[in-house]
Structures are given as C-alpha cells and as structure tokens.
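Start from the sequences, fold in the hints, and give me the full structure.
Chain residues, written in single-letter form:
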Amino acid sequence: MPDLLLELFSEEIPARMQAKAADDLRRMVTDKLVAEGLVYEGAKAFATPRRLALTVHGIPARQADLKEERKGPRVGGPEAAIAGFLKAAGLSSLDEAQIQRDPKKGDFYVALIEKPGRATLDVLAEILPVIIRTFPWPKSMRWGARSARPGALSWVRPLHAITATFGLETEEPDVVKFAIDGIETGQTTFGHRFMAPQAVAVRRFEDYEAKLLEAKVVLDPERRKDTILTDAKQLAFAQGFELVEDQVLLDEVAGLVEWPVVLMGSFDQEFLSIPGEVIRATIRNNQKCFVLRDPKTEKLANKFILTSNIEASDGGKAIVAGNERVIRARLSDAKFFYETDLKTKLEDRLPKFEQIVFHEKLGTQGERIKRIERLAAEIAPLVGADVEKTKRAAHLAKTDLLTDVVGEFPELQGLMGKYYALAQGEDASVAAASEEHYKPQGPNDRVPTDPVSVAVALADKIDTLVGFWAIDEKPTGSKDPYALRRAALGVIRLIVENKLRFPILKAAAAASVDRSTKVGLDQLASDLLSFFADRLKVQLREQGARHDLVDAVFALEGQDDLLMVVRRVEALGKFLDTDDGKNLLAGTKRASNILSIEEKKDKRKFDGAPEPSLYSLAEEKALADAIDLAKVGASVAVMNEDFESAMSAMAKLRPAVDAFFDKVKVNDDDPKVRENRLTLLNEIRVATRAVADFSKIQD
Amino acid sequence: MDALPAHMRPERSFQGLILTLQRYWADYGCVILQPYDMEVGAGTFHPATTLRALGPKPWNAAYVQPSRRPKDGRYGENPNRLQHYYQFQVILKPSPPDIQDLYLKSLAAIGVDSHLHDIRFVEDDWESPTLGAWGLGWECWCDGMEVSQFTYFQQVAGVECAPVAGELTYGLERLAMYVQGVDRVYDLNFNGRDGADKVTYGEVFLQAEQEYSRHNFEYSDVEMLFEQFKMAEAACRKYLAAGWKDAGNGKEHLMALPAYDQCIKASHAFNLLDARGVISVTERQSYILRVRELAKACGEAWVHTEAGRAS
Chain A
5 MPDLLLELFS EEIPARMQAK AADDLRRMVT DKLVAEGLVY EGAKAFATPR
55 RLALTVHGIP ARQADLKEER KGPRVGGPEA AIAGFLKAAG LSSLDEAQIQ
105 RDPKKGDFYV ALIEKPGRAT LDVLAEILPV IIRTFPWPKS MRWGARSARP
155 GALSWVRPLH AITATFGLET EEPDVVKFAI DGIETGQTTF GHRFMAPQAV
205 AVRRFEDYEA KLLEAKVVLD PERRKDTILT DAKQLAFAQG FELVEDQVLL
255 DEVAGLVEWP VVLMGSFDQE FLSIPGEVIR ATIRNNQKCF VLRDPKTEKL
305 ANKFILTSNI EASDGGKAIV AGNERVIRAR LSDAKFFYET DLKTKLEDRL
355 PKFEQIVFHE KLGTQGERIK RIERLAAEIA PLVGADVEKT KRAAHLAKTD
405 LLTDVVGEFP ELQGLMGKYY ALAQGEDASV AAASEEHYKP QGPNDRVPTD
455 PVSVAVALAD KIDTLVGFWA IDEKPTGSKD PYALRRAALG VIRLIVENKL
505 RFPILKAAAA ASVDRSTKVG LDQLASDLLS FFADRLKVQL REQGARHDLV
555 DAVFALEGQD DLLMVVRRVE ALGKFLDTDD GKNLLAGTKR ASNILSIEEK
605 KDKRKFDGAP EPSLYSLAEE KALADAIDLA KVGASVAVMN EDFESAMSAM
655 AKLRPAVDAF FDKVKVNDDD PKVRENRLTL LNEIRVATRA VADFSKIQD
Chain B
83 MDALPAHMRP ERSFQGLILT LQRYWADYGC VILQPYDMEV GAGTFHPATT
133 LRALGPKPWN AAYVQPSRRP KDGRYGENPN RLQHYYQFQV ILKPSPPDIQ
183 DLYLKSLAAI GVDSHLHDIR FVEDDWESPT LGAWGLGWEC WCDGMEVSQF
233 TYFQQVAGVE CAPVAGELTY GLERLAMYVQ GVDRVYDLNF NGRDGADKVT
283 YGEVFLQAEQ EYSRHNFEYS DVEMLFEQFK MAEAACRKYL AAGWKDAGNG
333 KEHLMALPAY DQCIKASHAF NLLDARGVIS VTERQSYILR VRELAKACGE
383 AWVHTEAGRA S
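Residue numbers (my numbering), protein chains in the order written: chain A, 5 to 703; chain B, 83 to 393.
Worth double-checking, as some hints may not be accurate.
Stated by the list, open to error - Below 25 Å or equal to it, Euclidean Cα-Cα: the simulated SDA-like pairs (lysine to any residue) are:
{"hint": "1", "chain 1": "A", "residue 1": "K356", "chain 2": "B", "residue 2": "H297"}
{"hint": "2", "chain 1": "A", "residue 1": "K349", "chain 2": "B", "residue 2": "R296"}
{"hint": "3", "chain 1": "A", "residue 1": "K292", "chain 2": "B", "residue 2": "D207"}
{"hint": "4", "chain 1": "A", "residue 1": "K339", "chain 2": "B", "residue 2": "M90"}
{"hint": "5", "chain 1": "A", "residue 1": "K321", "chain 2": "B", "residue 2": "E93"}
{"hint": "6", "chain 1": "A", "residue 1": "K347", "chain 2": "B", "residue 2": "N162"}
{"hint": "7", "chain 1": "A", "residue 1": "K349", "chain 2": "B", "residue 2": "R358"}
{"hint": "8", "chain 1": "A", "residue 1": "K321", "chain 2": "B", "residue 2": "K187"}
{"hint": "9", "chain 1": "A", "residue 1": "K339", "chain 2": "B", "residue 2": "D207"}
{"hint": "10", "chain 1": "A", "residue 1": "K347", "chain 2": "A", "residue 2": "I360"}
{"hint": "11", "chain 1": "A", "residue 1": "K321", "chain 2": "B", "residue 2": "R296"}
{"hint": "12", "chain 1": "A", "residue 1": "K347", "chain 2": "B", "residue 2": "E93"}
{"hint": "13", "chain 1": "A", "residue 1": "K143", "chain 2": "B", "residue 2": "D183"}
{"hint": "14", "chain 1": "A", "residue 1": "K356", "chain 2": "B", "residue 2": "K187"}
Said to hold, decoys possible - Facing chain A, according to a computed beta carbon distance under 8 Å, are these residues of chain B, among others:
{"hint": "15", "residue": "Q182"}
{"hint": "16", "residue": "L198"}
{"hint": "17", "residue": "F203"}
{"hint": "18", "residue": "V204"}
{"hint": "19", "residue": "D225"}
{"hint": "20", "residue": "A244"}
Simulated from the structure, these hints should not be mistaken for laboratory data. Where is the CB? At the ideal position from N, CA and C, for every residue including glycine.
So, in structure tokens, the structure goes:
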C-alpha cells in the first residue's frame with residue numbers, strides 16, 4: 005500500500021515547540037485519514053529547527069465504495085415529502101427510486117445511493133491544507149506581502165516550502181497537489197542552512213531521510229540527542245571529567261541544531277570562586293551549554309560543552325574561542341553580581357521590600373516578611389526550634405530576592421540567600437533556612453528537617469494559605485495560580501514526615517491576626533481545614549491508602565492534628581483488613597441503615613442511654629456490656645494516642661454485635677422495647693466514633 | 083572589500099562597521115536615514131519604524147539610532163553595559179521572502195563567515211508594552227553571542243501590521259566587540275587608526291557614561307521630569323485632537339508626527355524617573371499604560387495621513 009511523505013519547511017521553529025508540533029501533525033493527519041475511512045499501518049513525525057516532517061505508511065490507495073439506503077416517504081405520500089426525498093437523495097425522478105413492500109405500514113420509497121470511494125490522493129489534497137491552516141501553534145504569525153490580505157496563512161515562522169508525495173515504493177510517487185498562500189506543494193526541500201543549502205529532490209520518506217543526512221540534516225531529534233549526549237560524555241571523559249547531565253537542556257539544544265557538532269571550551273579558573281550553581285545557571289540559561297565536573301571532587305570543572313550547528317572550516321576553533329569569550333563576559337557579570345551582593349548585608353535590603361507589592365490585596369512583601377517572622381516565632385516552640393534563631397531566619401529568608409544574582413537567575417532564590425547568610429557569619433541553621441524554607445516544592449521534593457527551617461517553612465506556607473483564603477482567592481479546578489495546593493501539601497509533608505504535633509487551626513488563627521477577612525475566622529479555619537483534608541486525601545491515595553478512611557477520620561470533631569489523622573488512618577486501614585474489622589464495619593453499617601430507616605419513620609433520633617431494665621434477651625445485655633467496655637477501652641487508647649489498641653478494643657465489640665443481629669428482632673411489637681433496641685443500635689455507632697465515622701467508609 | 087583601506091575595515095573600526103552596514107543596506111535599496119533627533123530607548127521608537135511600519139505602503143529604511151536606557155548606566159565600570167549605545171536598525175515592509183538571507187549576507191559583509199562561525203536563530207518573542215507592539219522572531223547568535231534581533235512586526239501602536247514589516251536590530255557595540263575581538267566596550271577602536279591617531283570608544287564615551295550615570299541615578303530633576311511627563315502627555319493629546327480634519331472621503335490627520343514626538347518625550351521622561359527609583363511597582367504599570375495610550379492614539383492618527391494610508 006502507498007505511503008505519504010509530508011514536510012513543512014520553514015524558518016527556525018522555537019526549540020520548545022518542536023516536539024509537540026511533530027506530535028500534533030501526526031495526530032491531526034492520521035485522525036483525519038481514519039475519519040475518511042483510510043486506515044493506515046503506521047505513522048511517525050519528526051522536527052528539526054527548520055522542518056516538520058511526517059511519514060504515514062500503508063494507506064489504501066482509495067476509500068472503499070459506500071452503499072447507503074435512504075428511506076423515503078410512503079408510496080402515494082404528499083408531493084412535498086416526495087420532492088424533498090428526491091432532492092435529499094439526489095434523484096431526478098421517482099423512477100430512480102425503489103419501492104419497498106411493507107404489508108403492515110404500507111409500501112414506501114427507498115433510494116439506493118452509491119458513493120464511490122475517492123482516490124486517497126484527492127482526499128489528502130483536501131485534508132492537508134485544512135490541517136496546515138488550523139495547526140495549533142502556541143503562537144503564530146503573518147509575514148510578507150500576503151500578510152496584508154484577509155485570511156493570510158498564519159504559521160509559527162514564515163513557511164517556505166511544502167513537500168507532499170503519495171505513492172508505492174516501487175513507483176514514482178504522485179505529488180499531493182495543493183497550494184496555500186502561494187506555496188505550491190512539490191518534491192523539493194533544502195539541506196542544512198550553511199553546509200548544504202541547495203535544493204534536494206525527494207520521492208518518499210526513505211530517500212528523503214537519507215538525502216537529508218547527506219545534506220547535513222539529522223531529521224530525527226532522538227538521534228540528534230543521542231549524538232550530543234554520547235559525544236559530550238566522550239569529550240568530557242577524554243579529559244578526565246564527567247558531564248553534568250541535563251535532560252531539559254539536551255532537549256532544547258537538540259532543537260537548535262540540524263547537524264550537531266559537540267565542542268569543548270574552558271574558562272578561567274578564578275571563576276570557580278563563584279558558587280557552582282551560579283556558574284551552571286549562567287552557562288546553561290544564557291549560553292545553552294553543559295557544564296562538567298571533576299569526578300573525584302564532585303566540583304565543577306572550568307570547562308563547558310557547546311553544541312554547534314556546523315562543522316566549521318577550522319575545526320571549530322573560532323566557534324570555541326567565541327563562546328569562551330561570551331562565557332567569560334557572562335561569568336564576569338555573574339562574579340560581579342555575586343561580589344556586589346556580598347557587599348550589602350542581607351538585613352539592609354529589607355527596607356526595599358516595603359515598596360514591593362506581594363499581592364494587590366495582601367500588601368507588600370515587607371508586611372509579609374514581618375508576618376512570617378511573627379508566625380514563625382509562634383510556631384518555633386511547637387516544632388522544637390530555637391525562637392531567636394527562627395526569628396532571625398525568617399527575618400532574612402526572603403532578602404536574597406533583591407540580590408543581583410537572584411534578579412538574574414530567579415531559580416537560585418533561597419540558595420543564594422544561604423551563601424550570603426553564611427558569608428555574613430549567620431548561624432548555620434539560620435542560613436540553611438533561606439534555602440530550605442521554600443521546600444518541599446512538590447510531592448517528590450525533599451522535606452527539611454532542621455527545626456528552624458521547618459518553622460519558617462510552615463510559617464511561610466501558612467501565611468500564604470491564610471492570606472489567599474482571607475481574600476477568597478482559592479484554587480478552582482485546574483486554576484491554582486498561587487500554587488496553594490502545593491503549599492498545603494508542603495505543610496502536610498512537613499508535619500507528617502517530621503512527626504510533628506502541630507495544631508493547624510491554632511497556627512491558622514495566629515496567621516489571621518490583624519487581617520481583614522471576607523468570611524468569618526471560624527469559617528476560614530474550617531474551609532482551610534477541609535482543604536488540608538482534601539490534599540491529605542490526594543497524598544494518601546497516591547501512596548496507596550484509602551481516601552475514604554481520611555474522610556472517616558476527618559468527620560470526627562476537631563481533627564486538626566495531621567499527624568494523628570494519619571496515624572489513625574493507618575491503624576484504621578490495618579483494622580479493616582482483619583475479619584474483625586470487616587465484620588464490625590458491616591455490623592455498624594447495618595445498625596446505621598436500620599436506624600436511618602426508623603429515624604425517618606418516627607421523625608426522631610434515638611440518642612441517649614438505653615434503659616437496662618428493658619433488656620429481655622441475653623444478647624441485648626451482652627451488647628450493652630460490650631459497648632461500654634469498647635467505649636472505655638477505645639477512648640483510653642485514643643487518649644494515649646495508641647490507635648492500634650483503640651482498634652483492638654473495637655474489635656472486641658464484634659461478636660456481641662454479630663450475636664445481637666443474629667438473635668434479636670429490633671422492631672419489637674412493644675414500642676418501648678423497640679425504642680430501647682434502637683437506642684442500643686445508636687450506641688454502636690457512638691462507640692465506633694471513638695476511632696472513626698464508619699458511615700464514611702466505603703465497603 | 084579588498085578595496086577598503088585598513089582603517090575603514092569593519093573588523094578594526096567601529097565607524098567602519100557602521101559604514102559597511104549602511105553601504106550594504108543602501109545597496110539593497112533602503113533609504114539611509116540619520117538618527118532621530120530625540121532621546122529614545124531603542125531604534126524602534128524612530129518614527130521611521132514605529133509609524134512607517136503601519137499602513138500598506140512599502141517602506142525600506144536603515145539608520146543608526148543612539149539609544150538611551152538610563153537604568154543601564156554603570157558609571158563606566160561594566161565592560162558591556164551602557165546607558166547610551168548605538169543600534170543599527172533596518173526596516174523592510176513588506177518583509178521580503180529572503181530576509182533571513184539578506185541578514186546573513188550583511189553579516190558576511192562585516193566579516194562574519196558562516197562557514198567559520200556558528201550562526202543561530204534562537205526564539206525571541208518581542209514585545210514593547212510602551213509602544214503597544216509585538217512581533218515574533220529571534221535573537222541571532224554568533225558563536226553564542228547575541229548580535230542582532232530579528233522581528234516580524236505583527237502589531238505596532240495597537241494597529242495590526244498589514245503587511246507585516248521585518249525589523250533587524252544590530253547591537254553595534256557588541257557586534258564590533260565581536261569582530262574586533264575586544265572584551266571591554268571602551269577598548270573598541272572607533273576610527274580604525276593605529277598609534278597616536280587611534281581613537282577608542284572609551285575616549286569618545288567613557289566620560290559621558292560616568293556623567294550620565296551620576297545624572298540618571300542621583301541628580302536628575304525629579305520634579306521637572308514628572309512635570310515634563312505630564313506636559314508631554316497633554317501636548318500629545320492636544321496635537322492629536324487638533325490634527326483631525328474631515329476630508330472628502332472620511333477623516334484625515336494632519337499632525338501625527340508632532341504628536342508622536344511628545345509620546346517619545348513622555349516615554350523618555352518615564353525612563354529617567356524609573357532609573358531614579360521614584361516610581362513604585364504599581365505606578366510603573368500605570369505609567370507604561372499611559373505611554374501606550376499615547377502611542378496607540380498616534381498610530382491611529384498616522385494611518386489617516388498621506389504616508390500611513392492606502393492611497
């Protein structure tokens with residue numbers, strides 16, 4: 005079966021857009037083919053800086069013929085109906101229609117429409133221009149004289165040529181003929197911009213890829229990445245260094261070249277006095293080069309790896325020299341920034357924060373820093389941190405935001421604060437908090453353990469959460485512009501992984517002091533707590549725990565101690581895996597179901613203590629005793645925060661519950677006995693609430 | 083090239099580089115203009131770009147534009163940051179299909195051999211919030227150094243470009259540093275001569291950088307600048323209002339250029355105030371918006387003038 009080759013040749017496509025564009029092209033073309041009844045065998049798309057290419061192989065040469073029966077009006081039906089039918093079916097008279105017999109409803113007309121399948125070449129000529137015109141580039145543009153006309157083509161950068169061929173391997177393929185904005189399809193592409201700029205005539209994918217390779221274009225981005233990575237590692241190894249691998253940079257660099265040539269350059273040793281992260285950020289972000297490390301010391305080497313797009317006539321000497329000069333200038337800047345930063349004490353930067361708006365409704369950064377400082381001091385004793393150190397840490401933690409290095413490389417925020425704090429002689433914990441208080445940044449980021457960092461991290465995140473809750477800017481659906489979900493998850497992980505007893509509601513209340521809030525403080529606290537509950541659920545679910553158990557625990561009053569919630573959930577999970585647990589759950593649910601029916605019937609609740617004198621059966625008495633025992637046992641265990649024992653106490657309830665349901669008819673004829681038995685059932689529910697709200701647990 | 087005397091060669095003379103670019107683009111058919119006689123932040127502000135980019139009439143021009151960025155002053159201490167520097171600006175409307183090749187040939191003309199150097203087009207979306215303008219294009223890299231910006235204007239002064247113009251901006255000092263192999267801008271050979279006859283960039287501009295840095299950061303008259311901003315803004319609106327006239331077939335504008343001058347003035351006053359650090363973050367946004375409103379109104383006026391409209 006024939007194959008399609010499509011190439012869209014343009015000016016340089018931004019590296020970050022190439023992979024998705026190739027994927028979009030493959031998806032759009034193959035989806036359309038399938039929608040046209042053309043099932044293909046395989047498809048693959050590629051991108052280089054100057055082209056998107058697609059090969060689809062094994063497409064039928066024609067669509068299958070379509071036969072359609074169209075039902076018409078009954079014989080002798082109204083004239084208008086018949087005329088409409090003829091028109092819709094494309095018939096010129098009723099002679100062309102057939103009559104279908106139907107003894108029950110009466111005979112009616114049927115039109116047999118035969119739609120012959122079209123040649124795939126024609127189908128492609130119809131669908132490809134539509135795909136090109138509607139291609140989903142993140143940003144596209146107009147260009148040239150035609151851009152003045154309405155409906156001018158929009159593309160990521162000017163589109164110059166379209167190659168589109170369709171045919172069998174053994175034959176000369178056909179050009180899929182169409183034109184867009186004056187660009188006519190053909191079989192001509194172009195090689196490397198500098199090394200082989202001449203036109204290249206192509207027939208089908210196999211010779212296309214091979215001819216491009218001759219013309220110094222490596223079509224497949226994966227192959228370019230392989231080349232860059234392998235060559236870079238080898239070059240590094242040959243000189244006794246190790247490549248600092250960087251997947252994001254590799255993807256980008258592979259999107260900047262059609263013919264990767266890897267070269268090594270070096271910079272002056274003196275720059276190694278700048279922190280390694282600053283060197284790497286400079287070289288990576290500004291120059292798109294890799295850095296190397298010395299495998300023995302793990303420290304950066306004064307070397308870098310660049311990927312050029314040409315095999316230069318001097319073997320790359322001028323290119324290396326040029327890049328070295330730029331990197332030298334960049335590192336001079338970085339060194340200058342770093343040394344200038346060191347001249348100003350971090351605390352002397354604080355006044356400037358008074359002028360920087362954090363959020364329109366939440367005041368300045370200066371106010372925020374003061375709030376965090378105050379909150380961190382309150383949190384410190386709760387997490388075992390030294391109060392003075394914590395205050396100092398919170399005082400300085402954000403100050404590096406106004407340093408030159410962070411202005412240049414925002415991703416180094418916190419880290420630079422640490423370096424500068426150490427340089428001005430701050431305590432190690434205080435310095436560390438600059439970097440650590442931003443953590444954890446996500447589910448896989450490290451959680452700080454130093455109590456000073458923990459206190460500042462909690463204060464920072466809780467201040468953010470309470471602030472945005474107070475102005476009612478909560479995350480909705482996929483929108484979470486202030487990363488509040490991440491902040492809440494951060495709080496949870498800080499507490500749980502450090503095994504902290506941390507009353508969130510109290511901390512939230514402390515963070516609400518002096519704030520005007522849209523909702524009442526109680527409302528704010530309970531909203532925020534349920535947000536934490538949701539985040540915890542997501543977190544536990546991702547770790548494989550049951551989220552309904554989180555609900556069952558949070559349904560109890562006053563659960564703002566996340567560590568205890570997690571412990572309780574763990575114990576509950578284990579308990580429910582046992583037979584005792586399963587049966588007790590079933591029994592409790594049965595009790596709840598009966599109660600809710602009877603409560604509805606009587607329009608009342610059955611609270612209060614049951615009356616012992618009304619017990620007529622041994623099982624009633626036994627259950628009442630077991631409940632008392634379980635209640636006491638469980639609440640003592642809960643008080644001691646021993647949730648396993650609490651669950652064991654609950655487990656003892658199970659035989660009595662089972663026996664009760666076995667032998668006792670709840671809805672006794674004597675209304676008093678019935679009421680008493682219902683009250684007893686309610687007691688089961690009450691007792692189990694010592695550990696969790698069983699009604700929230702799914703079967 | 084061989085005909086050029088040594089002191090005129092772009093790889094050893096700053097002015098030689100400028101002259102070579104001018105000659106190259108003159109040869110292509112561009113109108114070679116002189117710098118606009120006002121303080122601007124970039125070559126784009128020259129009415130030959132901002133206003134001429136609008137409307138359907140073809141326009142090819144090239145010129146050097148001294149550009150002032152008060153905030154970038156470093157008292158002459160930084161090897162490559164300046165508060166006053168030169169841009170070489172080329173504007174081609176409509177953008178010709180071979181504009182990338184034209185650009186590469188201009189690099190060749192100043193001695194950048196594309197078989198020896200690694201020239202790259204790296205994504206750079208251009209936006210000027212004060213001009214209400216945006217476009218797509220690249221930074222052009224030569225061996226890792228950004229030497230030019232290349233933009234296809236999509237919108238300028240709030241008006242859709244139809245047709246689209248291509249804009250090339252060469253950072254002349256950087257480019258000269260590259261071809262002369264110099265690491266410090268002040269060491270550039272300005273006139274291409276040797277020995278006692280040699281004049282460096284530092285001799286021409288170092289004192290100015292020191293004086294203007296002092297002025298921009300410490301002494302510029304804030305009250306006067308606030309006043310200038312207001313006056314320029316009011317004058318711009320006044321000239322715009324006075325310039326509208328009913329013509330036979332629709333409206334016509336007779337004073338777009340003088341109005342636009344006032345927009346440029348307001349923009350520069352804002353840049354100076356910004357450098358002095360007297361504009362807060364929130365105010366900053368509103369000043370930018372005010373300049374943009376002026377630019378948009380000027381653009382709207384321009385497309386109703388002789389040079390800006392269809393016929």
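Evaluated hints:
| no. | hint | verdict |
| --- | --- | --- |
| 1 | K356/A x H297/B | holds, 22 Å |
| 2 | K349/A x R296/B | holds, 24 Å |
| 3 | K292/A x D207/B | holds, 18 Å |
| 4 | K339/A x M90/B | violated, 36 Å |
| 5 | K321/A x E93/B | holds, 18 Å |
| 6 | K347/A x N162/B | holds, 22 Å |
| 7 | K349/A x R358/B | holds, 22 Å |
| 8 | K321/A x K187/B | holds, 22 Å |
| 9 | K339/A x D207/B | violated, 29 Å |
| 10 | K347/A x I360/A | holds, 22 Å |
| 11 | K321/A x R296/B | violated, 42 Å |
| 12 | K347/A x E93/B | violated, 39 Å |
| 13 | K143/A x D183/B | holds, 24 Å |
| 14 | K356/A x K187/B | violated, 48 Å |
| 15 | Q182 | holds, 6 Å |
| 16 | L198 | holds, 5 Å |
| 17 | F203 | holds, 4 Å |
| 18 | V204 | holds, 7 Å |
| 19 | D225 | holds, 3 Å |
| 20 | A244 | holds, 4 Å |
In terms of the numbered hints stated before, the structure departs from hints 4, 9, 11, 12 and 14, listed from lowest to highest.
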